[in-house]
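Novice: Residue-level listing of the chains:
There are 2 protein chains.
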Amino acid sequence: MSSPAIDLAASLFDRLAAETATPPGVTRASFGAGEQFAHALVADAVRDLGLIVTDDIAGNRYMTWPGRDRALPRVFIGSHLDSVPHGGNFDGAAGVIMGLAAIRALKDGGFEPQRDIVVMAIRAEELVWFPTPYAGSRMAFGLVPAEEYEGLVRSDTGRTLADHMRELGFDPDALREGARPLDPATIEIYIEPHIEQGPLLVGLGKPVGIVTGIRGNLRYPNCIVRGTYGHAGATPRAYRHDAVFAATDFASAVEDAWDDHERNGRDFVATLGQFSTDARHHGMTKISGEVRFTMDLRSLDNDLLLETDRRLRERAREISKARRVEIDLDIYRNAPSAIMDQNLISLLEEEAKASGIDAVTMPSGAGHDCATFAWQGIRTAMLFIRNENGSHNPDEAMAMDDFAEALKLLVRALRRVG
Amino acid sequence: MSSPAIDLAASLFDRLAAETATPPGVTRASFGAGEQFAHALVADAVRDLGLIVTDDIAGNRYMTWPGRDRALPRVFIGSHLDSVPHGGNFDGAAGVIMGLAAIRALKDGGFEPQRDIVVMAIRAEELVWFPTPYAGSRMAFGLVPAEEYEGLVRSDTGRTLADHMRELGFDPDALREGARPLDPATIEIYIEPHIEQGPLLVGLGKPVGIVTGIRGNLRYPNCIVRGTYGHAGATPRAYRHDAVFAATDFASAVEDAWDDHERNGRDFVATLGQFSTDARHHGMTKISGEVRFTMDLRSLDNDLLLETDRRLRERAREISKARRVEIDLDIYRNAPSAIMDQNLISLLEEEAKASGIDAVTMPSGAGHDCATFAWQGIRTAMLFIRNENGSHNPDEAMAMDDFAEALKLLVRALRRVG
Chain L
0 MSSPAIDLAA SLFDRLAAET ATPPGVTRAS FGAGEQFAHA LVADAVRDLG
50 LIVTDDIAGN RYMTWPGRDR ALPRVFIGSH LDSVPHGGNF DGAAGVIMGL
100 AAIRALKDGG FEPQRDIVVM AIRAEELVWF PTPYAGSRMA FGLVPAEEYE
150 GLVRSDTGRT LADHMRELGF DPDALREGAR PLDPATIEIY IEPHIEQGPL
200 LVGLGKPVGI VTGIRGNLRY PNCIVRGTYG HAGATPRAYR HDAVFAATDF
250 ASAVEDAWDD HERNGRDFVA TLGQFSTDAR HHGMTKISGE VRFTMDLRSL
300 DNDLLLETDR RLRERAREIS KARRVEIDLD IYRNAPSAIM DQNLISLLEE
350 EAKASGIDAV TMPSGAGHDC ATFAWQGIRT AMLFIRNENG SHNPDEAMAM
400 DDFAEALKLL VRALRRVG
Chain X
0 MSSPAIDLAA SLFDRLAAET ATPPGVTRAS FGAGEQFAHA LVADAVRDLG
50 LIVTDDIAGN RYMTWPGRDR ALPRVFIGSH LDSVPHGGNF DGAAGVIMGL
100 AAIRALKDGG FEPQRDIVVM AIRAEELVWF PTPYAGSRMA FGLVPAEEYE
150 GLVRSDTGRT LADHMRELGF DPDALREGAR PLDPATIEIY IEPHIEQGPL
200 LVGLGKPVGI VTGIRGNLRY PNCIVRGTYG HAGATPRAYR HDAVFAATDF
250 ASAVEDAWDD HERNGRDFVA TLGQFSTDAR HHGMTKISGE VRFTMDLRSL
300 DNDLLLETDR RLRERAREIS KARRVEIDLD IYRNAPSAIM DQNLISLLEE
350 EAKASGIDAV TMPSGAGHDC ATFAWQGIRT AMLFIRNENG SHNPDEAMAM
400 DDFAEALKLL VRALRRVG
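These protein sequence lines are chains L and X, in that order. Letter by letter, the first sequence follows residues 0 to 417 in numbering that gives the first Met the number 0. Letter by letter, the second sequence follows residues 0 to 417 in numbering that gives the first Met the number 0.
Warning: the hint list may mix true and false statements.
Identical copies look the same in the list; a pair holds intra-copy or inter-copy alike.
Said to hold, decoys possible - Lysine to any residue pairs mimicking SDA-like chemistry, simulated, CA-CA at most 25 Å apart:
1. K320 to D258
2. K320 to E261
3. K205 to R218
4. K205 to V127
5. K205 to D107
Source of the hints: derived by calculation from the structure; they are not laboratory data.
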């Protein structure tokens with residue numbers, strides 16, 4: 000398996016890994032040095048591809064292969080170039096690099112696109128830096144609330160989003176005043192290749208996934224169970240206000256809901272990622288008076304999430320009463336699900352079948368920039384590349400053979416829609 | 000309600016609270032300044048009672064009212080004089096002070112005991128200072144393992160038990176070599192008055208409890224669930240190794256056992272006092288790979304505890320397998336239960352009934368020095384005094400009226416056994 004397109008991709012991956020290494024893994028902070036290097040690297044790589052390189056005022060980079068009719072709505076291939084601290088080399092970057100490799104392959108094959116094909120390198124996707132989802136793609140469409148530019152600070156520097164953007168020559172002030180650098184009407188299709196962040200493709204032995212939708216989520220950052228501290232031996236059961244047993248009972252209620260959804264064939268996952276008694280007050284011989292926990296519910300069906308919220312709040316009230324505690328789920332934040340375009344999914348399935356690519360359709364549990372495009376009414380698709388050991392860690396492992404399979408599928412799709 | 004006995008007790012409580020105050024509450028560290036003051040205070044108070052004051056080499060203080068036949072096995076009334084940091088004034092001290100008040104009342108009533116009546120002020124009962132149970136009473140019987148004298152350090156000073164004892168003129172070296180300052184054969188009866196540390200007497204509206212036994216305990220300080228961290232959205236249920244749901248499932252298993260014990264009328268309580276994901280690695284959008292928790296099981300029936308241990312270890316294995324995690328309960332420490340003397344309980348019930356004292360029999364969930372005496376084969380009894388707001392906190396609240404009721408019962412009992 001070697002070709003100028005694969006060689007280009009391999010060379011970009013290698014240079015990116017070497018230049019943004021912070022052992023273990025790589026670090027490419029949003030609007031930081033690593034991301035900045037990645038944006039420079041891809042622009043440099045496309046010189047001999049003859050692409051037009053432009054940036055928007057949010058810092059997103061567009062590498063455009065002009066089509067025969069430049070007035071037609073364009074085809075986008077995109078992903079982000081930032082990473083989590085000490086993350087892997089492929090999360091995000093694989094999508095941008097595959098876009099460039101696809102153009103290399105199409106050019107080498109003599110293809111001439113009817114419409115512009117644009118590879119978009121998106122800023123600031125990783126929530127760990129600025130706590131707002133899909134900052135780069137949402138800024139492109141003018142969707143980030145005005146107050147967030149000065150309100151959000153980067154986790155490592157403590158400096159605001161606006162400050163970091165100005166430092167690199169971008170224009171947060173115009174965005175705050177309502178600028179929308181990217182017009183959805185000018186985009187026909189957005190395709191995002193990305194490594195799978197879960198283990199499904201590895202488990203199924205498939206190199207490529209065709210994504211059916213991005214799970215939406217309900218996130219509860221501040222759940223708390225308020226009970227009463229008490230003597231572990233001297234307090235009879237009927238006098239206890241035990242926050243731990245109330246919280247673990249609530250966890251069972253979450254699993255009960257999950258069991259029901261599973262039986263009904265409905266897409267759903269639930270995670271209580273943080274779950275802790277208070278280290279300042281708890282003790283082995285003390286009934287705990289407080290448990291704090293977080294909850295993350297996801298589904299392709301946003302109505303199911305909202306229905307589950309109602310069910311769990313009702314259960315929380317019942318458990319609170321029965322156990323003489325207060326279970327307070329507090330607020331949630333809802334990122335709605337995003338459904339991929341059914342015609343694009345079918346097209347990708349056809350092309351995979353026709354070319355012997357062993358692909359499978361699957362939901363994306365993680366969020367991706369393509370959700371922003373789908374919410375704008377743009378026809379959106381997503382390709383997953385098999386990846387071992389999850390993402391957001393230095394051990395993520397994508398084989399170039401699998402990358403090549405996904406690239407082959409992307410190239411075939413672009414021949415039909417480009 | 001006033002009498003020289005009650006006035007003596009009230010005066011001792013007041014001076015103790017004033018001189019060991021560390022707002023909020025009082026602090027009387029084991030072999031520390033507050034405990035030392037308390038030992039001096041009670042010895043000073045008994046001068047005009049004509050008691051013989053002696054200390055043993057472990058620091059316990061004995062205030063003896065000689066009986067007509069000094070060769071007879073003695074009657075002890077005892078409790079401890081240390082407190083937790085910022086604790087309440089009554090936990091421990093109420094027992095010693097009630098012993099002195101009882102002698103005052105008996106003398107005022109012209110009673111002359113047949114056998115010695117000894118009020119014992121015990122050292123170092125509060126585990127928070129030195130992590131070994133009932134240090135003072137166990138040292139008196141030579142029961143503290145030799146290695147603990149130099150092995151245990153006080154939580155606030157970091158200095159060894161032996162060091163603290165030597166500083167006050169006691170002799171840890173003789174104890175390490177096997178000295179047993181107190182011979183169980185010389186003690187006929189040990190009675191410990193103590194505030195109730197739970198809410199039962201308040202709930203029942205009773206001033207006095209007659210204790211049937213001290214619950215034994217199994218303590219598990221190092222339970223751990225080892226799972227695998229994973230992406231909260233991208234990991235399908237079948238691929239999860241979620242430490243939180245496994246741990247909460249195990250908590251349900253503990254409650255199932257408790258339900259069964261309750262249905263069968265068996266004394267049992269369970270507490271998971273500490274229960275936490277790892278703050279260095281957990282996150283709202285991350286499946287947790289680790290939960291640590293503690294477990295404290297108590298019962299009057301030590302066999303039930305050991306049976307429950309076997310049952311819970313089996314359930315831990317089943318849950319581990321079903322959820323693809325490892326639940327490791329690690330070791331337990333077992334403090335066996337101690338049953339109070341049935342004849343003494345009957346005597347106390349008779350005297351309560353005869354004098355119109357509204358007393359109720361009940362188990363003690365908390366551990367007390369009287370367990371040490373019971374384990375030595377000494378006939379042992381315990382009186383609980385109603386107390387609001389639990390113990391080990393500055394808000395514990397014992398009414399002197401309730402103290403007076405318990406004192407009245409103790410005095411009547413001593414007239415029969417003294």
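Novice: For each hint given before, does the structure comply? Return the numbers of the non-compliant ones in rising order.
Specialist: 3, 4, 5
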